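Input sequences plus hints: build the corresponding full structure.
2 protein chains.
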Amino acid sequence: MSIPGICLILRLPAIAEFYLIGENYERRNLFMLKILSKNRLVIIYGISFGSLVLLLKWLEYRFLIIDYAFEVYVGAIALLFTGLGVWLTLKLSSPKTETVFVEKQVYITKPETGFLPDEKALVELGISRRELEVLELMSAGLSNGEIAERLFLSLNTIKSHSSNLFEKLDVKRRTQAVEKGKRLGLLA
Amino acid sequence: MSIPGICLILRLPAIAEFYLIGENYERRNLFMLKILSKNRLVIIYGISFGSLVLLLKWLEYRFLIIDYAFEVYVGAIALLFTGLGVWLTLKLSSPKTETVFVEKQVYITKPETGFLPDEKALVELGISRRELEVLELMSAGLSNGEIAERLFLSLNTIKSHSSNLFEKLDVKRRTQAVEKGKRLGLLA
DNA sequence: TTGTAAATCACCCGAAAGTATGAGGGCTGA
DNA sequence: TCAGCCCTCATACTTTCGGGTGATTTACAA
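Protein chains in written order, with the working numbering: chain X, 139 to 326; chain B, 139 to 326.
Source of the hints: derived by calculation from the structure; they are not laboratory data. Bear in mind that the values here come from a model prediction, so they are computed numbers and not experimental data. Hints are supplied without guarantee of correctness; some may be wrong.
You can't tell identical chains apart in this list, so a pair holds if it fits in one copy or across any two.
Said to hold, decoys possible - Below, a list of computed lysine-lysine pairs in the DSBU-like style, where the Cα atoms sit at most 35 angstroms apart:
id : residue 1 : residue 2
1  : K306      : K258
2  : K258      : K297
3  : K320      : K258
As structure tokens, this is what we get:
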């Protein structure tokens, strides 16, 4: 069992995943990069393992006479790898997370240049693209009819969108929707 | 060191996790499914490793015989005690708890930094104090009825004011009035 | 395959908004 | 004093808005 062999073994998971999953052969390089970044620990493991075996081999040929110190040798190995196991577990074990919600007061300040709607707020409220579009035109002061004309939709569609929008924003009127939209950073 | 033994070692992390975490014994099957789906990598690792060792063993007995027996033995010891270390750590280490603070954003209406409506624009457009007052409440999203209530006036009065306001601002709807009011510096 | 969500459109009804017109009282500057 | 403006309120009418319900198509995920 040579050292390259061990290293090969240690790399197996990554390789296996690569060949099993990687149907798109053009993306191998990208995939490899992902492997390198994601499986950093596995790679470190492999290198460490290899180095250790190398060290042991060296020690074996340098100082130890196998017949004499076999038990010591095995004991050392056992000790070393027990330690390795402990270290690895401590390093890798995912801590049980306790989530504490801390309320943070956020003052909304609208950036004047290059406005982009707050994606997070949009997702949280479940506001769709169309609805945001309608909201924007609302804030420009257009009536539902004008919005329908502008978007090449029927008046009823705009009404549906606005109704859904009001519910998601928890408001009753378009003026409130515009006001809240600005406050939440959905509108410029 | 038999092959089933090696396989057992390789399954150790999953098994250990199962028995250490699985306090709810009724959910073992569900837990196993989760293990299967989540720890796909680990399983692939285990199977690959096992297969490779099997292959090596076979080669060893077939062609190489004794020469590599020692390395395999040491490797097995290493693995065994790595597993032991992992198991020991999982068993003995006090459960790591990590407190995660999640910021929950609470939106606050920004403190008014002493806004003053543009007097010049007001005079130019001939907008009276009452009308401006109505416009401000409009921009807050209030309905005519609510504005009337707030100002202790009748609904009709508010309608009059808003109508006059719209004419002076040259707009057709309250949303446009709010938009234009902000644009002209009449509103914050 | 089934289910879910978005987007589209329709119809009805009541509420709110907006238009038009008029009227009475108060304040002010010419 | 009186014209002009503001504020108030009213009636009548039209338009727009918003709620409720439901159908259809598309797309995407389970």
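### Task
Output the numbers, in ascending order, of every earlier hint that fails for this structure.
Checked against the structure, no hint fails, so every one of them is satisfied.
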